[in-house]
Amino acid sequence: MADVTMEDPRFGRPDILGIEDLKVHYPVRQGFGFRRGLLKAVDGVTLDLKAGECLGLVGESGCGKSTLAQAILGLVPASGGRIVLDGQDISGASHQSQRLDRARIVQMVFQDPFASLNPRHTVGQSLGGPLKLHGIGNAAEREDRVAEMLRKVGLRPDAAKRYPHEFSGGQRQRICIARALIVEPKLVVCDEPVSALDVSIRAQIINLLLELKNELGVALLMISHDLGVVEHMCDRIAVMYLGRIVEQGGWNEIFSAPAHPYTRSLIASIPDPMNPVSGSIRLHGEIPSALDPPPGCAFNPRCSQAMAVCRAGTVPEFSALSPTHQARCHLLQGL
Amino acid sequence: MSEDLILNIEDLRISLSANGEDYPAVEGLNLSIARGEVVGLVGESGCGKSLTALSVAGLLGGPLRVTGGQIRFDGNDIARLPNRNMRMLRGNRIAMIFQEPMTALNPLMTIGDQIGEMFVLHRGMSRRAARKRAIECLEQVQVPGASRRVNDFPHQLSGGMRQRVMIAIALACDPDLLIADEATTALDVTIQAEIIELILDLCRARGTAVLMISHDLGLVARVCQRVAVMYAGHLVEEQPAEKIFSDPQHPYTRGLVASLPRLGRRLVAGQAKLAEIPGVVPPIVEYGKGCRFAPRCAEVMPQCLTAAPETTPLSSGGRKRCYLNG
Amino acid sequence: MKLLQLLRPNLFVGGLILVIMVFVALFAPLIATHDPVLDANLIYAEEPPGGAFLMGTDEQGRDIFSRVIYGARISLTIGLVVQLMNTCIGVTLGLSAGYFGGWWDEFVQGLTNLMLSIPTVVFALALMAVLGPGVTSLLIALGMTDWAYSCRISRAQVLSQKSRSYVQAAQTMGYGRFHIMFRELLPNIAGPLVVIATMGIGSAIMAEASLSFLGLGVVPPAPSWGSMLSHAREQLMVSPWIAIFPGAALFLTVLGFNLLGDGLRDLIDPQGKARRA
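Sequences listed follow chains A, B and C, in order. Each residue of the first sequence is one higher than the one before, counting from 1 in my numbering. Each residue of the second sequence is one higher than the one before, counting from 1001 in my numbering. Each residue of the third sequence is one higher than the one before, counting from 2001 in my numbering.
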């Protein structure tokens, strides 16, 4: 786990999440069933998240950010490495009791508000059911808590009697946020929480998430491809490419001084008129498949500054650019 | 002036027939595109931007019909042209690319055949000649190993590659107008940047005008020369691209620009709340007689609710539909 | 759901037939004119329809009308119980196979294939031969052999719903597997299952009739439509009414269930109509 030095503003705060060299590999059948390949969705990720912090996880298709989120939540098993949630090592098999404990620590807000609420349950059932499951309060207390949570996310308490299809996309996402927070978790993973929403209501949800994070002191893991949202919301940012983290640092460090060529291209590609169009950072080629990653540094086929060592050699180690900022690139070694 | 316009839409009205009634999905739309110009049409889902595009290509069907106004393509009104005449224009002079290349491409034909089809159909070439041209087209859209890949089927290609094939098919016959409907929305952001650049380069070389449709205001403002903003079936503002973000005139555009988390904002404003536009986009059945944004507008006036504003010109050379400031 | 939709022909006609049948079955003692078993007077054997005997009498002098009325009780009860058993077995197996996957799924699929490759009635016959005649054996034989279709459908539905994020949300919340299968997934796949179950009652009734026809199901003198048909075979040329009325009752009841099932399917899945047309 990366040591937090005294210069780091996070010094002194407890770790909510600690991931050490996490691997999620899927065996796949290739061809007609004889060749066995290995899909390395997550290939050695080390991350940590402190209480009340917002960490942004960015990357494109195939980078493994969604698989990483699922592994943290226990939806997919880890093939290697450790996950420590609020002090407990949960990397092993998941029994029902462990599942319940984990649910009180980490929750998730999903991308599609239309699919993540059971259409046959009322909002009250979707919010109150978890309280009942975890034995929180009696029936009257649960009802109060549901009403309180609905008010906190900007909905009227009578929403509890209605069904999801009676609400708009933005309202449904508010319900999902309420559901994630109702068991008072320490960490909420938000997987593209606003991508499926109309542009004119995204601000409402972004503001709500930040407000609740500050009020309840809950840590957020924001997974998004929208760097504008990530810059606004996150304290720290980790950039993933083909299952590995290639750069990590404070938000300001990443956006004003990106070190890894991939991070620079990502930022240069942001569709914003204030973003100068710079040809030299333009990437070429396709994102390779995680089934067959390029040897050495996985980014080398698309990197305009690739050297021989990048193609043939080992995966680069992290170089520290500051106590809080590190990137994995052969170009930075020797600094 | 009007000879310079490849597309001139005037007072367009598209109606949706449902439950025995006609709903004005798009109303009073005025938009013009000069030859070789790149114009962006921006709006949220359900605002009518795709319907407008489909009406230009003559692809409205079923309950949707053009019930008013004109669509002048190279001087001729094509709004109600019979399909057999539209087929001669489509692919040939008006081309369209879509969001999902996997569903837009025929899964049972090789990409070479699909590109070649354009030449056989519109230029009367033989299949052998068409195949040679298809390989050239693939090279132009930067598909590596074009002479081998020409025999591939769509499912053998990645998303970005398939989008390039769609572009090749669309630009095969050097059309006068290319309509790109959310062409890069489904792509990763680094691939998106490449594809947009490719489209613009190829169109510039051919003098093809581009109508770029998207929900992403930032993208459109970055690459287009002019930007038109739609809301609930009305075109509410149209300005040169640099003005849309720096000096938006319509309350909707202003609200949108203020609500987007922009690069560099945090350095100036910290994590201050993003400006919110209250309410939700109204469904088509709730469109009233007045301005369709009025229920959510912070500067609403009594006249906004009784009748929709007319399109008025702006000093920047654009247009707006709003009662504010005259 | 507009009330007008309930008046669509399938639903309406099917529903009407079944309401009549259920009414008849419930109020049999009040509707029937004679005792279906005891009122057997050879003097009146094979009387044509008319007078005191609305549908005539059979070869034992029993009133066919009363026997048909009481036969409705037998058919409907057996049909419902059998279908309930089959649906429970099929849904439980299909739900768990789809959700758990792995070896259990392979096993259930193999079993389903086996069941689908053997004709239901043949299988039931074999079981009856082992279990002996009588209503209990009939229920076991029929109630455990026709679950394959509902198993397959529930499995397919679970597979398509399993990856939806409300299921992942329930898992994240800490809900156990059985809660997720029966409280989260089942309500969302119930639609097509109701349709299958409804139409399955019709087949269950036919199956019972077939077995009774062969002498293996409900034994005479109990008035099962199937056994009535069986005994009417010899008299078909001479006294056709002995066969016509039970046959018509059987036909109408099964038709009613099929129409109802059809109508329910249109209600639940309107797009299916376009696919069929």
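Derived by calculation from the structure, the hints in this document are not laboratory data. Some hints here could point you the wrong way.
To be verified - Heads up, simulated BS3-like pairs for lysine-lysine below, C-alpha to C-alpha not over 27 Å straight-line:
no., chain 1, residue 1, chain 2, residue 2
1, B, Lys1243, A, Lys213
2, A, Lys161, A, Lys132
3, B, Lys1289, A, Lys152
4, A, Lys132, C, Lys2162
5, B, Lys1273, A, Lys186
6, A, Lys161, C, Lys2162
7, C, Lys2162, A, Lys152
Structure-based check of all given hints:
| no. | hint | result |
| --- | --- | --- |
| 1 | B:Lys1243 / A:Lys213 | violated (36 Å) |
| 2 | A:Lys161 / A:Lys132 | holds (17 Å) |
| 3 | B:Lys1289 / A:Lys152 | violated (35 Å) |
| 4 | A:Lys132 / C:Lys2162 | holds (23 Å) |
| 5 | B:Lys1273 / A:Lys186 | holds (23 Å) |
| 6 | A:Lys161 / C:Lys2162 | holds (26 Å) |
| 7 | C:Lys2162 / A:Lys152 | violated (31 Å) |
In terms of the numbered hints stated before, the structure departs from hints 1, 3 and 7, listed from lowest to highest.
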